[in-house]
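Student: Chain residues, written in single-letter form:
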Amino acid sequence: MNATPASSFFTSLLAFQPTANTPLLILKAGLLFAIAMYIVFALVVIRQIDLMTKTVRTPVTPVLRMIGWAHLIASCVVWLIAFVML
Amino acid sequence: MPTSQAKAKAQSQRVHRHPTEYSSVLAKHGECANILHSFATLPPEVGYEALLDEEKILLLLRQHPITNLHWMLIAVVMLITPFVLLPFFPPFAMLPVAFKFVLILFWLLFTSGFVLERFLVWFYNCFLITDERVIDIDFFSLVFKHSSFAQIDKIQDVDTQVGGVLYSLLDVGDVIVQTASEIPQFEIEKVPHPSQVTKLLNELMYEEEQEKIEGRTR
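One line per chain: the protein sequences are A and B, in this order.
Reminder that position 22 of the first sequence reads as 25 in our numbering, one-by-one numbering, no gaps.
Reminder that position 124 of the second sequence reads as 138 in our numbering, one-by-one numbering, no gaps.
Derived from the structure by calculation, the hints contain no laboratory data.
Please note that the accuracy of each hint is not assured.
Under 7 Å between C-beta atoms, here's a sample of chain B residues computed to sit facing chain A [as the list claims (entries may be wrong)]:
| # | residue |
| --- | --- |
| 1 | 62 |
| 2 | 112 |
| 3 | 119 |
| 4 | 120 |
| 5 | 123 |
| 6 | 138 |
Straight-line alpha carbon distances no greater than 16 Å define the calculated EDC-like cross-link-like pairs of lysine to aspartate or glutamate that follow [what the hints assert, rightly or not]:
| # | chain 1 | residue 1 | chain 2 | residue 2 |
| --- | --- | --- | --- | --- |
| 7 | A | 57 | B | 63 |
| 8 | B | 168 | B | 221 |
| 9 | B | 204 | B | 188 |
| 10 | B | 42 | B | 217 |
| 11 | B | 70 | B | 222 |
| 12 | B | 226 | B | 146 |
| 13 | A | 57 | B | 152 |
| 14 | A | 57 | B | 59 |
| 15 | B | 70 | B | 45 |
| 16 | B | 159 | B | 63 |
| 17 | B | 159 | A | 53 |
| 18 | B | 213 | B | 173 |
Glycine included, each C-beta is placed from N, C-alpha and C at the ideal position.
Make a model of the complete structure from these sequences and hints.
Tutor: Spelled out as structure tokens, the structure:
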């Protein structure tokens with residue numbers, strides 16, 4: 004009988020033997036998760052800027068929207084760098 | 015023969031005087047085009063989503079820039095931390111270069127997010143005084159907002175409070191507006207020139223009375 008991907012994953016987890024690199028692997032996973040959460044925050048900031056600029060219109064509205072999008076793109080770039088480099 | 019638009023414009027001009035004609039505060043400060051100003055009189059190109067037709071924003075108020083000092087100092091400490099403090103933190107020094115690089119990048123990103131968030135909260139938590147009403151706009155947390163307003167003719171009392179050495183020197187204080195509307199009290203905290211705000215509100219209240227007496231109400 005062939006093992007399902009899920010059961011293979013749990014089997015490999017149970018068979019996992021800690022090595023010298025384990026703390027770094029945990030740190031990498033933690034970092035990637037934290038940056039992913041930060042990307043969600045950056046999306047919320049864009050939503051917030053949208054709400055604020057609709058409420059009070061000012062000449063700096065396009066600049067603030069651009070900053071919000073630049074912040075989101077920077078977050079995604081940092082996540083990619085972390086994924087590739089670590 | 016005048017068109018209907020010209021007639022309407024003439025009627026509007028007859029009904030409402032220009033704010034600088036009846037307000038010494040607005041006449042003194044004139045038009046303030048600096049959108050970052052925390053006491054912007056007759057700000058051009060500023061709008062509010064629920065502004066009525068022909069309603070003009072006379073004063074845009076936000077907290078004095080000095081109130082931003084604490085988070086700016088925190089941001090500076092956050093900015094220099096990876097370069098000044100972290101090298102002396104042993105667990106960080108033991109990490110491989112790639113981890114150090116990514117951690118510093120993430121920290122700087124986090125710092126930029128903190129600065130952006132604090133700036134937005136300061137910039138958009140504002141108080142508008144129009145020729146018809148006072149509008150308080152508050153944003154809570156990330157996506158919640160609360161706007162409340164009161165008609166100028168519903169204002170009953172305006173108080174000013176200035177306290178503390180620094181705030182007295184910088185002419186920063188609170189303005190408390192008591193109204194007969196659904197929101198009984200508006201508190202405008204740590205704004206510049208609170209006495210000027212009070213004076214403007216008194217001038218507006220007087221002008222509203224004059225409009226009623228002279229039958230110039232809309």
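Student: A separate judgement is required for each hint: does it hold in the structure or not?
Tutor: To see whether the hints hold, each was checked on the structure:
no.	hint	result
1	62	holds, 6 Å
2	112	holds, 5 Å
3	119	holds, 5 Å
4	120	holds, 6 Å
5	123	holds, 5 Å
6	138	holds, 4 Å
7	A:57 with B:63	holds, 7 Å
8	B:168 with B:221	holds, 13 Å
9	B:204 with B:188	holds, 5 Å
10	B:42 with B:217	holds, 13 Å
11	B:70 with B:222	holds, 14 Å
12	B:226 with B:146	holds, 13 Å
13	A:57 with B:152	holds, 14 Å
14	A:57 with B:59	holds, 14 Å
15	B:70 with B:45	holds, 12 Å
16	B:159 with B:63	holds, 13 Å
17	B:159 with A:53	holds, 12 Å
18	B:213 with B:173	holds, 10 Å
Of the hints listed earlier, there is not a single one the structure fails to meet.
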